[in-house]
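K.L.:
For reference, the chains in residue letters:
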Amino acid sequence: MSNFIKPIRTSADHAAALEEIDRLFGAAPGSPEMDRLEVLAVLVAEYERANHTGAVPDPVDVLNFAMTAQGRSQADLANVLGSRSRATEVLKRQRKLSASMIEKLSRAWNIPAALLAASYRVHSPLRRIVTKGAVALAIILALGAGVVGTTFFVYGRDLPSTANLADYHSSAVIKMDDVGKVVAYRKPIALNEIPPEIIKAFIAAEDQDFYNHAGYSLTAMARAASHNILASRGRQGGSTITQQLAKNLLLSGQDRTMSRKIKEVILARRIEQSLPKERILELYLNEIYFGGNLYGIGTASFYYFGKEPRDLTVAEAAYLAALPKAPNVYRLDVPENRERAKERRDWVLARMAADGLITATAAHFAQAEPLGGLK
Amino acid sequence: MRIVGLKDIDAFCARRRSAEPDLRALLAMMLHAEWSNMSDVKRQFGEIASVAAPGHVRLELAQHGIAIDLNLNFRVGLVRLRLADLKTGKETLRRTR
Chain A
1 MSNFIKPIRT SADHAAALEE IDRLFGAAPG SPEMDRLEVL AVLVAEYERA
51 NHTGAVPDPV DVLNFAMTAQ GRSQADLANV LGSRSRATEV LKRQRKLSAS
101 MIEKLSRAWN IPAALLAASY RVHSPLRRIV TKGAVALAII LALGAGVVGT
151 TFFVYGRDLP STANLADYHS SAVIKMDDVG KVVAYRKPIA LNEIPPEIIK
201 AFIAAEDQDF YNHAGYSLTA MARAASHNIL ASRGRQGGST ITQQLAKNLL
251 LSGQDRTMSR KIKEVILARR IEQSLPKERI LELYLNEIYF GGNLYGIGTA
301 SFYYFGKEPR DLTVAEAAYL AALPKAPNVY RLDVPENRER AKERRDWVLA
351 RMAADGLITA TAAHFAQAEP LGGLK
Chain B
1 MRIVGLKDID AFCARRRSAE PDLRALLAMM LHAEWSNMSD VKRQFGEIAS
51 VAAPGHVRLE LAQHGIAIDL NLNFRVGLVR LRLADLKTGK ETLRRTR
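Protein chains in written order, with our numbering: chain A, 1 to 375; chain B, 1 to 97.
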């Protein structure tokens with residue numbers, strides 16, 4: 001053994017020094033070998049410290065390891081920290097170790113205070129809630145999308161085609177009696193013969209978002225659903241003009257069920273994809289039911305007011321727009337309907353003013369007009 | 001205490017990341033320790049420490065399948081550390097995967 005101690009610069013130097021440390025480990029106290037061991041230990045430890053990849057350990061990791069190494073339980077930790085909840089929160093990184101906790105742990109469990117005082121991140125409750133909420137929302141949205149997609153696929157398979165609606169012409173004769181006499185008829189009217197007031201009135205009464213939606217309105221359906229759940233009387237449908245057209249033209253005769261509602265939505269979307277809004281309005285106004293044996297705006301205008309649609313006043317247009325909601329409740333040929341028919345007409349006028357379709361003054365004057373009709 | 005023989009621990013941590021927090025905590029606690037006899041070691045690591053021979057302690061980290069053999073020289077304040085496979089008991093890092 002040489003007395004000269006080489007500095008440790010390479011892994012070979014390190015390995016040789018470690019071997020020598022192993023040989024000298026049992027050296028007698030006060031002997032030159034012991035002195036040599038001490039110097040080698042300093043050099044090797046310094047070399048390893050410089051080449052050691054370890055980071056400062058996380059205080060919670062230190063605490064967990066100390067618990068394992070000393071056979072301590074979470075209840076023991078609770079005893080030291082003063083409460084079970086504190087112990088749980090510390091171990092779950094929801095609470096930082098306070099100075100007093102560090103001091104207690106250091107004294108009671110012989111854990112170096114410096115290790116417990118190192119900086120570390122805790123998970124804030126708010127962040128945890130936000131994360132869980134985001135995950136739950138993502139799951140709900142994914143499930144919702146799956147359910148909606150499946151529903152549309154299943155119900156959309158065997159629906160009538162909307163391809164022929166572009167060239168569709170409303171028929172004049174709707175119903176004949178047993179001897180062949182026409183008892184229900186329609187007077188088809190082109191859209192350019194229908195004045196803007198009528199269109200505005202129907203849009204205000206039936207579908208204020210008509211020009212913006214893609215066939216259905218989730219807001220309107222949600223509003224109708226909540227009304228139907230909360231209100232004991234007067235069911236709402238939440239159907240857009242396009243949905244009503246789909247129902248009247250393509251789903252007539254089907255009962256009012258959830259399945260029909262879904263089909264309405266699917267067909268309404270397809271109609272919107274294949275027809276311009278103006279054509280949808282034209283079809284709707286010619287197909288809509290106005291009570292009794294009356295179908296279409298032309299027939300209703302003539303029956304109730306003895307006029308062509310282009311000659312209707314704003315008040316009369318508003319009355320006709322009031323009808324589709326409950327045609328046989330508001331029809332003017334039943335005298336006891338007149339009071340509630342006027343209420344409904346005035347509501348349509350107020351709605352038109354609120355939506356900016358007519359001025360408030362025009363609505364006010366129109367509301368002052370009697371219902372008239374049946375001339 | 002002054003520790004030598006960290007190279008094996010570094011290599012093991014690089015291969016078995018799940019063991020790293022415990023091993024880093026163990027090393028940090030040893031570095032801060034001021035042991036003067038075996039009782040001090042037992043007091044700090046009593047549940048996992050067993051005295052194999054005078055000046056020789058084995059720390060068993062069963063959850064990681066390894067043991068760490070410590071040769072202790074209290075006079076110099078030195079810990080010579082070796083990693084051992086818990087199953088074979090041999091000092092063999094390559095078999096601990």
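Honestly, I wouldn't trust all of these hints.
[As the list claims (entries may be wrong)] Okay, the calculated beta carbon distance ranges per label pair:
(1) Asp40(B) with Glu46(A): 19 to 29 Å
(2) Asp40(B) with Glu103(A): 18 to 28 Å
(3) Arg49(A) with Asp40(B): 20 to 30 Å
(4) Ala53(B) with Asn110(A): 54 to 64 Å
Because the hints were derived from the structure by calculation, they are not lab data. The C-beta atom is built at its ideal place from N, Cα and C for all residues, glycine as well.
K.L.:
For each hint, tell me whether it holds in the structure or not.
P.N.:
Each hint tested on the structure:
Between Asp40(B) and Glu46(A) the C-beta distance comes to about 24 Å, which sits within the given range of 19 to 29 Å. Remark: the range hint 18 to 28 Å for Asp40(B) to Glu103(A) is upheld by a beta-carbon distance near 20 Å. Distance hint check for Arg49(A) and Asp40(B): the Cβ-Cβ separation is about 23 Å, which falls inside the suggested range of 20 to 30 Å. One distance hint, 54 to 64 Å for the beta-carbon pair Ala53(B) and Asn110(A), is violated here, with the actual separation near 24 Å.
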